[in-house]
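Build out the structure end to end from the sequences listed, making use of the hints.
Sequence lines, in order, name chains A and B. Counting in our numbering, the first sequence runs from 705 upward without gaps. Counting in our numbering, the second sequence runs from 1264 upward without gaps.
Since the hints were derived computationally from the structure, they do not count as laboratory data. Treat the hints with care, as some may be off.
Claimed, not checked - A short, non-exhaustive set of chain B residues, derived as facing chain A with CB atoms under 8 Å:
#1 1287
#2 1288
#3 1289
#4 1290
#5 1293
#6 1296
#7 1302
#8 1320
#9 1331
#10 1360
#11 1381
#12 1382
Stated by the list, open to error - Here are the simulated lysine-lysine pairs, DSSO-like style, with alpha carbons at most 30 Å apart:
#13 1350/A / 1378/A
#14 1170/A / 1225/A
#15 1225/A / 1235/A
#16 822/A / 1366/B
#17 1366/B / 782/A
#18 1158/A / 1371/B
#19 1225/A / 1158/A
#20 822/A / 733/A
#21 733/A / 1203/A
Even glycine gets a Cβ: it sits at the ideal position worked out from N, Cα and C.
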Amino acid sequence: MNDDDIQQIFFVECEEALEATEMGLDACKAGTHDSETINAIFRGVHSIKGGAGAFGHTALASYTHCFENLLGDIREDKVALTPQLTDLLLLACDLLRNHVEAARGSGDIPDDTALMEKLEAARSGGVETIETSTGEITGDSIGDDLDLDLDLDALLDDLTGDAGATSEPQAEDEAPSWLVHLRPHAAALDNGGEPLLWLRELASLGGICEACGQADIPGLDGFDTDQGYFAWTFRMPGSVAREDVAEIFDFAGEDCGLSYDNDPLPPLKLRADTPAARSNAAKEASKAEPATNAPVDKAKDIRTAAPAPEASPASTASPASTGAGIAPPAASAVAPDKAETNSEGQAQESKPQPAATSNSANSNPATQSVRIDLAKLDRLIDGVGELVIAQAMLAQRLENENFAHIEELGLLDTLIRDIQEHAMAFRAQPISSVFGRVPRLLRELGSNTGKHVKLEVFGEGTELDKTVIERLSEPMTHLIRNAVDHGIEGPEDRKAAGKNPEGTLTLAAEQKAGRVVIHIKDDGRGINREKVLAKAIENGIVSEDANLSDDEICQLIFAPGFSTAAEVTSVSGRGVGMDVVKSNVRDLGGRITIESVEGEGTTFSLALPLTLAISDGMIVQSGDLSLVVPLTHVIESLRPSPEDLKGVGTQRTMLNVRGRFVPVISLGAVTGAKGWIDDPCKGVVVLVETEGHGQAALMVDLITDQRQFVIKSLDANFRTVDGVAGATILGNGQVSLIVDVDHMVRAAVSPSSLAIAA
Amino acid sequence: METNQPSAQDASSSQVRVLTVDDSASMRALLRAALTSSGFEVEQAEDGQEALEWLATNEVDVVLTDINMPRLDGFGLIEKLRESALHAERPILVLTTESSDEKKMRAKNAGATGWIVKPFDAAKLTAALRRVAH
Chain A
705 MNDDDIQQIF
715 FVECEEALEA
725 TEMGLDACKA
735 GTHDSETINA
745 IFRGVHSIKG
755 GAGAFGHTAL
765 ASYTHCFENL
775 LGDIREDKVA
785 LTPQLTDLLL
795 LACDLLRNHV
805 EAARGSGDIP
815 DDTALMEKLE
825 AARSGGVETI
835 ETSTGEITGD
845 SIGDDLDLDL
855 DLDALLDDLT
865 GDAGATSEPQ
875 AEDEAPSWLV
885 HLRPHAAALD
895 NGGEPLLWLR
905 ELASLGGICE
915 ACGQADIPGL
925 DGFDTDQGYF
935 AWTFRMPGSV
945 AREDVAEIFD
955 FAGEDCGLSY
965 DNDPLPPLKL
975 RADTPAARSN
985 AAKEASKAEP
995 ATNAPVDKAK
1005 DIRTAAPAPE
1015 ASPASTASPA
1025 STGAGIAPPA
1035 ASAVAPDKAE
1045 TNSEGQAQES
1055 KPQPAATSNS
1065 ANSNPATQSV
1075 RIDLAKLDRL
1085 IDGVGELVIA
1095 QAMLAQRLEN
1105 ENFAHIEELG
1115 LLDTLIRDIQ
1125 EHAMAFRAQP
1135 ISSVFGRVPR
1145 LLRELGSNTG
1155 KHVKLEVFGE
1165 GTELDKTVIE
1175 RLSEPMTHLI
1185 RNAVDHGIEG
1195 PEDRKAAGKN
1205 PEGTLTLAAE
1215 QKAGRVVIHI
1225 KDDGRGINRE
1235 KVLAKAIENG
1245 IVSEDANLSD
1255 DEICQLIFAP
1265 GFSTAAEVTS
1275 VSGRGVGMDV
1285 VKSNVRDLGG
1295 RITIESVEGE
1305 GTTFSLALPL
1315 TLAISDGMIV
1325 QSGDLSLVVP
1335 LTHVIESLRP
1345 SPEDLKGVGT
1355 QRTMLNVRGR
1365 FVPVISLGAV
1375 TGAKGWIDDP
1385 CKGVVVLVET
1395 EGHGQAALMV
1405 DLITDQRQFV
1415 IKSLDANFRT
1425 VDGVAGATIL
1435 GNGQVSLIVD
1445 VDHMVRAAVS
1455 PSSLAIAA
Chain B
1264 METNQPSAQD
1274 ASSSQVRVLT
1284 VDDSASMRAL
1294 LRAALTSSGF
1304 EVEQAEDGQE
1314 ALEWLATNEV
1324 DVVLTDINMP
1334 RLDGFGLIEK
1344 LRESALHAER
1354 PILVLTTESS
1364 DEKKMRAKNA
1374 GATGWIVKPF
1384 DAAKLTAALR
1394 RVAH
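Shown next, in the form of structure tokens:
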């Protein structure tokens, strides 16, 4: 991911923040002034400011800073939010949008001086109705806000050689200079402080090191490399405030002794005196304990041997010797025991198991989770899929040998089903992640269309495959946009129809027979079938004399190039949409259906598979070939009577399905199977629906089974074959090809491209 | 949460593992880019709650957290981490646009190790992280 990609994420965030801000201001305008609304507005501007700084959009950053200051005052009740001020904020928000556009590169940086002056003026009571007294108070607090300095940033400037950040030399000698004494303790290093940086920071403020107290440095045998032994004295110029120096040590706190001018030097604080040091020593001691049988003895040995400077590195690393000379020997002798009782005590506290170990991970009884790489998980699920197939093959083989009812087989079957279910559950996620985005969408639509819609959600805990969830949000968004834009009427129309002026959108998810069904229901005007039919005829989607059922008319809105919106709105209605929704859902192996009652509303129902790894298929026989037809394409199967069939030319046969003619395609012929039944009236016809080529009737010998199958890619194992979507292994171990219905029908109805491989 | 494999440029054996906690996707992406290119191993969480759950079973060398976040903010995260034996001494740096003394004191009292103000300078940030990670 490069910088540009990251910027794109930022602009998406800006968009969301702008919407949230606008939404909040609209609410203010409508009279809602509660702290939550104000907070939302503040957060929106605040987040844009954060990113603007990070991406170097200085104009945007300084404008949002100004805007945020005013909002901060409003949030803290320093400035009253009057209607005039709300209007000003709305103006500011519009300008903010222009600023964001400019940062994105699609516009010039707007002139914000006038408005920024107004925002500043509002802070100090510039908007007419605000009392001057509050204004003055806020005016003062601005200064404080802006003066604040940074901690680690400032400290680290020097370290990273950021020359520009060093402060200007202090030349004024008017105020008397003063002294600061500091003594970093061991804890300063332990807790991540950097005494060297503090010294440099003092120097950059103009401080001069006058003395370095070395009186406390112990002999070599008592030397602790992590302990501070020096006491520094710096002379600071009089122009530097004591607070500025104190601020450097903000985060050091007790880890660094400080005193000023004639006060005595801060006393030496040894690491053994601090609780952190003690626990540290104990921790290290317990770590080291298994390695050495008698750490105490060893420490003694080292000390009595009076280590020469070339003492082995092990002696400095040894925890016992670290404390030697500072802590009495007894302390180090106690430490390992203490550490042990400690950790054991913890483990017993949280889990009273007899086999309590000193493993600290056991001390946290909260729900535990493990994060796994998705690819690893998919390999597992793939493996489970294979296992299911292998089990089926085994069962079939045993059955052939008359071992069908052995007990172990049943057990194996149960276990494998269990494993499969659990493996699938790994990938499952609650649908609430999709539903959760809907309120925002509705607010956005509300502000664009003026239709206020109440949301009701059921079954948000229903779980679906992660991939399905991810790919679901696009069609869902489309359906919801359509429901609000075309389905739900404007408030006036609703009142006239005797409905609540506020529309209701209901989202419900439930698991049903191995699929998840999602209902998207609005209480709008419903589908006007006459209008839909007229439009479809006008657009040439159906012929004028077509005799369609109500259901079939509803289905027309999924036809490519269909749009009934009289006016194209900003929300939807550009003629792309529902057909895309349908193909999206079908790509997921799902189906979409409509129920609509005119005047009462429309319900779209999406039936989705629990997982993409396994699909439902119809196993058909054609001559000597077993083929799988994905169930998502299948509408119905039937055995036609001779009068329903009509020959067209020499090759084609059409089937009359309740008044409509669909082409009959012989699966046996296109796949080159041997010995297939040539007469549809003796075999079976499977009516399928395709993308872009309408319906077709696939002629097969018989339907043998309907089952779930695991798709194996043919490209990966062999090569791409037109008309074949992949392969699967049937229960009897036989490899069966999965029919690519779309491609096969397209090739069969346009004779020029008859290129289907067996 | 995703894990980035560290770039090959840092071959040193002791790689510093950082958990960044920030609700802004762009900030997460920026941090990931800045830290992985400096040889850090980066884990990410979107808010305090997610960080807390993840840290219940995982170890990092340093936690770098934002303050303003939904569900569980930075202060809450630090307090909760300090309560658990596992993270009582974990270095925790705060990275935020906030810069008021009051907030800094709150963070320090909660147990934060350091405070860095956004927008961050990558070199400074990595130096701070290396320093506190020991």
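Verification of the hints:
1. 1287: At about 6 Å, which falls below the 8 Å cut-off, the nearest Cβ of chain A leaves the hint on residue 1287/B intact, so it holds.
2. 1288: holds, 5 Å
3. 1289: With Cβ-Cβ at 4 Å, under 8 Å, it holds.
4. 1290: holds, 7 Å
5. 1293: Result: holds, 5 Å to nearest chain A Cβ.
6. 1296: Holds - the Cβ of residue 1296/B comes within 8 Å of chain A, reaching about 6 Å at its closest.
7. 1302: Given a least distance of 16 Å, the restraint on residue 1302/B is violated.
8. 1320: This hint holds: residue 1320/B lies near chain A, its Cβ roughly 5 Å from the closest one there, short of 8 Å.
9. 1331: Where the cut-off is 8 Å and the nearest Cβ of chain A is about 7 Å from residue 1331/B, the hint holds.
10. 1360: Interface hint status for residue 1360/B: holds (5 Å vs cutoff 8 Å).
11. 1381: holds, 6 Å
12. 1382: Holds - the Cβ of residue 1382/B comes within 8 Å of chain A, reaching about 4 Å at its closest.
13. 1350/A / 1378/A: holds, 25 Å
14. 1170/A / 1225/A: holds, 24 Å
15. 1225/A / 1235/A: holds, 21 Å
16. 822/A / 1366/B: holds, 29 Å
17. 1366/B / 782/A: Holds. Residue 1366/B to residue 782/A sits at ~19 Å (cutoff 30 Å).
18. 1158/A / 1371/B: violated, 44 Å
19. 1225/A / 1158/A: holds, 12 Å
20. 822/A / 733/A: holds, 19 Å
21. 733/A / 1203/A: Distance of about 26 Å is within 30 Å: holds.
Hint compliance for this structure: hints 7 and 18 are not met, and every other hint is.
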